[in-house]
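Undergrad: This is what each chain is made of:
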Amino acid sequence: MALILVLAAMMPNVSAEYADVVLNRLSDANDVRPVIFPHWFHRIRFRCKVCHQELGFEMRAGANEIDMGKIIDGQYCGMCHNGQIAWSVDECHLCHSGKPGLQTGIRGSNQTGGPGRW
Amino acid sequence: MKFKHILHILPLSLSFALLAAEPSWKALAEDGLHDPTSPAIGVLQEPATALSLLPPDTTGNKVSWIRALREHYIEPRTNILPETKIEVLDMDIIMDKTGELPLVKFPHKPHTEWLDCNNCHDKIFIEKVDANPINMFAILSGEYCGQCHGAVAFPLTECNRCHSVARSTFTGKPGVQPKPASN
Chain E
1 MALILVLAAM MPNVSAEYAD VVLNRLSDAN DVRPVIFPHW FHRIRFRCKV CHQELGFEMR
61 AGANEIDMGK IIDGQYCGMC HNGQIAWSVD ECHLCHSGKP GLQTGIRGSN QTGGPGRW
Chain D
1 MKFKHILHIL PLSLSFALLA AEPSWKALAE DGLHDPTSPA IGVLQEPATA LSLLPPDTTG
61 NKVSWIRALR EHYIEPRTNI LPETKIEVLD MDIIMDKTGE LPLVKFPHKP HTEWLDCNNC
121 HDKIFIEKVD ANPINMFAIL SGEYCGQCHG AVAFPLTECN RCHSVARSTF TGKPGVQPKP
181 ASN
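Protein sequence lines, in the order shown, are assigned to chains E and D.
If you count the first sequence from 1, position 3 lands on 3 in the numbering used here, and the numbers rise without skipping.
If you count the second sequence from 1, position 78 lands on 78 in the numbering used here, and the numbers rise without skipping.
This is chain E alone, in the form it adopts within the complex (with noise of 0.2 Å):
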């Protein structure tokens, strides 16, 4: 086990950044590639509590009932993602962005951690 621990640390760039997310919740049912929403890119912007408190966001990937409906009204990742703050929705592409096929839930981080579940 320990061994398995220290080979985990060694290897830092097996996958994904530490801590992305993958929101494939209904991207390939409508046939656009799934999110790929990496937190670092976001927490050297923003505050967790931006994201987990103001703008609701559930601490457990695949929590949130997430849509393209509810981000135009401006909830979610539309309270930012709406041309002033950060790009709109019209650039579809820049946040789907994943090979298609992805599982939902969070990347290059729990592999190092146990049996967890995230």
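Think of the hints as simulated: they come from the structure by calculation, not from any bench.
Predicted model, so just to flag it, every value in this text is computed and none were measured.
Virtual Cβ for every residue (Gly too), placed ideally from N, Cα, C.
Be aware that a few hints might be false.
Negatives, chain E to chain D, calculated, CB over 12 Å [what the hints assert, rightly or not]:
(1) 65
(2) 67
(3) 70
(4) 71
Okay, the calculated beta carbon distance ranges per label pair [as the list claims (entries may be wrong)]:
(5) 175/D with 45/E: 46 to 52 Å
(6) 85/E with 132/D: 33 to 39 Å
(7) 128/D with 75/E: 32 to 38 Å
(8) 92/E with 100/D: 52 to 58 Å
(9) 122/D with 30/E: 34 to 40 Å
(10) 130/D with 26/E: 31 to 37 Å
(11) 91/E with 101/D: 45 to 51 Å
(12) 136/D with 65/E: 28 to 34 Å
(13) 30/D with 68/E: 26 to 32 Å
(14) 85/E with 72/D: 19 to 25 Å
(15) 70/D with 92/E: 33 to 39 Å
(16) 42/D with 88/E: 17 to 23 Å
(17) 48/D with 100/E: 21 to 27 Å
(18) 73/E with 175/D: 43 to 49 Å
With the hints as your guide, set chain D onto chain E.
TA: Leaving out everything else, chain D in the frame of chain E:
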């Protein structure tokens, strides 16, 4: 050791040495998540472009986010809504039910610099000392501290960052600490 054995070991040790020497971040097109044919590649910021400028850490995405914030490498917004109340609490909690491991010091300050009180209280932690049956099995399953640590905050391989207070030298009382420490 025979020469051919050295040849077997050499590439492996070299790659470990390289990994240890310089933190590197995978390009988006090679991270296994982004579609390399997506028009977003080349437009989205690459992790290395941003993260290589921030103070380093040995784990997670190789950035000390606490230092990045404290030392003003980054100035992330605290709120979007003007009416949101911003609270930073400087209060340490010592937890002593840690078996033979060092005691856990939970510092509210670095947590509340990033998070709102409501993010943890009372959804994840009841706001009362000893009211939460925290244990490593639950944490490793993504509950309590494990909701962030191991997912987005430093991972659970870093035992001594939380188990940081030696039993032999701690003379105070567990629970809320009277004098806030500097971190």
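Undergrad: Now tell me, hint by hint, if it's right for this structure.
TA: Hints, verified against the model:
no.: 1; hint: 65; result: 18 Å, holds
no.: 2; hint: 67; result: 20 Å, holds
no.: 3; hint: 70; result: 16 Å, holds
no.: 4; hint: 71; result: 15 Å, holds
no.: 5; hint: 175/D with 45/E: 46 to 52 Å; result: 36 Å, violated
no.: 6; hint: 85/E with 132/D: 33 to 39 Å; result: 36 Å, holds
no.: 7; hint: 128/D with 75/E: 32 to 38 Å; result: 33 Å, holds
no.: 8; hint: 92/E with 100/D: 52 to 58 Å; result: 54 Å, holds
no.: 9; hint: 122/D with 30/E: 34 to 40 Å; result: 37 Å, holds
no.: 10; hint: 130/D with 26/E: 31 to 37 Å; result: 43 Å, violated
no.: 11; hint: 91/E with 101/D: 45 to 51 Å; result: 48 Å, holds
no.: 12; hint: 136/D with 65/E: 28 to 34 Å; result: 32 Å, holds
no.: 13; hint: 30/D with 68/E: 26 to 32 Å; result: 29 Å, holds
no.: 14; hint: 85/E with 72/D: 19 to 25 Å; result: 21 Å, holds
no.: 15; hint: 70/D with 92/E: 33 to 39 Å; result: 37 Å, holds
no.: 16; hint: 42/D with 88/E: 17 to 23 Å; result: 20 Å, holds
no.: 17; hint: 48/D with 100/E: 21 to 27 Å; result: 26 Å, holds
no.: 18; hint: 73/E with 175/D: 43 to 49 Å; result: 45 Å, holds
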